[in-house]
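Guided by the hints, dock chain P onto chain X, whose structure is given.
Same order as they appear, the protein sequences are chains X and P. Note that the first sequence covers residues 93 to 344 in the numbering used here. Note that the second sequence covers residues 93 to 344 in the numbering used here.
Keep in mind that the hints were calculated from the coordinates and are not lab data. Note that the coordinates shown come from a computational prediction; the quantities given were computed from them, not determined experimentally. Don't take each hint at face value.
Subject to a maximum C-alpha distance of 20 Å in a straight line, what follows is the list of computed SDA-like cross-link-like pairs (lysine to any residue) [claimed, not checked]: (1) P:K171 <-> P:L153; (2) X:K171 <-> P:G280; (3) P:K171 <-> P:R181; (4) P:K171 <-> X:K171; (5) P:K171 <-> P:G192; (6) X:K171 <-> X:E217; (7) X:K171 <-> X:V156; (8) P:K171 <-> P:V151; (9) X:K171 <-> X:S212; (10) X:K171 <-> X:A211; (11) X:K171 <-> P:S292; (12) P:K171 <-> P:R188; (13) P:K171 <-> X:R279; (14) P:K171 <-> X:G280; (15) X:K171 <-> P:R279.
A few chain P residues that face chain X, going by a derived Cβ cut-off under 7 Å, partial list only [to be verified]: (16) G105; (17) D190; (18) A294; (19) G302.
We put the CB at the ideal spot given by N, CA and C, even for glycine.
There are 2 protein chains.
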Amino acid sequence: MDYPVVHIIGVAGLPEVHPGDDLASLIVQSAQSQGTPLVNGDIVVVTQKIVSKAEGRLVALSTVEPSPFAREIARQWGKDPRQVEVVLRESRRIVRMDHGVIICETRHGFICANAGVDASNIPGEGIVSLLPEDPDASAQRIRQGIRERAGVTVAVLISDTFGRPWREGTTNVAIGVAGLHPLVDYRGQKDTYGKELRVSIAAVADEIAGAADLVMNKTTRVPVAIVRGYPYEAAPGSYRPLLREPAQDMFR
Amino acid sequence: MDYPVVHIIGVAGLPEVHPGDDLASLIVQSAQSQGTPLVNGDIVVVTQKIVSKAEGRLVALSTVEPSPFAREIARQWGKDPRQVEVVLRESRRIVRMDHGVIICETRHGFICANAGVDASNIPGEGIVSLLPEDPDASAQRIRQGIRERAGVTVAVLISDTFGRPWREGTTNVAIGVAGLHPLVDYRGQKDTYGKELRVSIAAVADEIAGAADLVMNKTTRVPVAIVRGYPYEAAPGSYRPLLREPAQDMFR
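Excised from the complex, chain X in its bound form (with noise of 0.2 Å):
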């Protein structure tokens, strides 16, 4: 009997991650080295991290002079002013504001809180790294690279670990696409007993950065996966259709 298999393997041994490092060159080394070298069809998953890192999306808080709007909000939540205001700079939009949270549209389209600016995995002090400035690019760049290194095909996801409404905990999901479609369209197909399918558009890229999460230990250095076994067709991709329309959203 045939069953699908699909396997998550972490790549290990990537060294700290600075501005200007070429990461399809570290990805595909340290897949290597580990006895997993990269094949056609992979999903390489690279967490926003080392991408933000590589790229240089990084800001140094004794640069940043905060608006009152910065110091009001910090005072209230015991917050460094500093890192609000970066958050307001990243933000194009609050959704909302509250507990000390602040649910952000970055200027990519995002929702997420305090726009994806994080002080964690960074060494020094005072030093935040903000969301890659065009997460698509950051990936296809990635998956270039790793065409021209290593001669292989893959797809490549930037992930980052967002918060949801309703729902505790966070989950990883997909801010950067290159060489898959993020969604699965089953409108049309019927399912076993020829009726049409309820799920109709499936976000397979946030399935997969969610998978993928699953060997990515937040403590220690597992800041790429490969998702092996999974079939898609090879599609140029982008993270944005995972962004839902403002006017079908209803939690605007």
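Chain P only, in chain X's frame:
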């Protein structure tokens, strides 16, 4: 170099499920028959649909008298008023209604479209399935049955397909949990540089459910997946920690 690996194995070959069927037996037998018998530590992800079928959570629409409100909703959006009536009966609260979509809070506390009522993948006409009455109990029964029939200790998740605000497409999440805690709490843990982690609580049960979806093809019969190699501590488990406290929910 040590690296983490997780395997997702689709269990094919289950027969059509009918009310009264012993799911644990079907799962153990099918896993065995395809050469991937269950082993200690596996996480078995079972789609809600076959649990609802086995538990007889089916309603014949011919037996439903729609309320005036159900008729009005159905009229506006071209829906079957009897099916709308069933959705209302399965709901504790309506969170939002627009664009022909009803976002409900189910009696369990899940927030999802149409209270999980669904007509697909059911033989015959005019029958809809409801969510299991107590999905944790459903998961526990399957877990216990697997222990009795195969002599192995596994965790069991009941998964369902939910949409979400702001992002297109659906993902699979855990609606019933037995044998592991659905959240991993990183609070108090430090990153590689000794700083407290930003992501404090990860909804791993939802990521596992999403990972399992990668081998479940909605148009064919793979309603169960084994997630193997993910390390977890045995715990009673429940879906309840996954539900955000109303007082903390900014999107209520």
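Here is what the structure says about each hint:
no., hint, result
1, P:K171 <-> P:L153, "holds (13 Å)"
2, X:K171 <-> P:G280, "holds (18 Å)"
3, P:K171 <-> P:R181, "holds (16 Å)"
4, P:K171 <-> X:K171, "violated (49 Å)"
5, P:K171 <-> P:G192, "holds (9 Å)"
6, X:K171 <-> X:E217, "holds (15 Å)"
7, X:K171 <-> X:V156, "holds (14 Å)"
8, P:K171 <-> P:V151, "holds (17 Å)"
9, X:K171 <-> X:S212, "holds (15 Å)"
10, X:K171 <-> X:A211, "holds (12 Å)"
11, X:K171 <-> P:S292, "holds (17 Å)"
12, P:K171 <-> P:R188, "holds (17 Å)"
13, P:K171 <-> X:R279, "holds (18 Å)"
14, P:K171 <-> X:G280, "holds (18 Å)"
15, X:K171 <-> P:R279, "holds (18 Å)"
16, G105, "holds (5 Å)"
17, D190, "holds (5 Å)"
18, A294, "holds (6 Å)"
19, G302, "holds (4 Å)"
Violation of the numbered hints given earlier is confined to hint 4; every other hint is satisfied by the structure.
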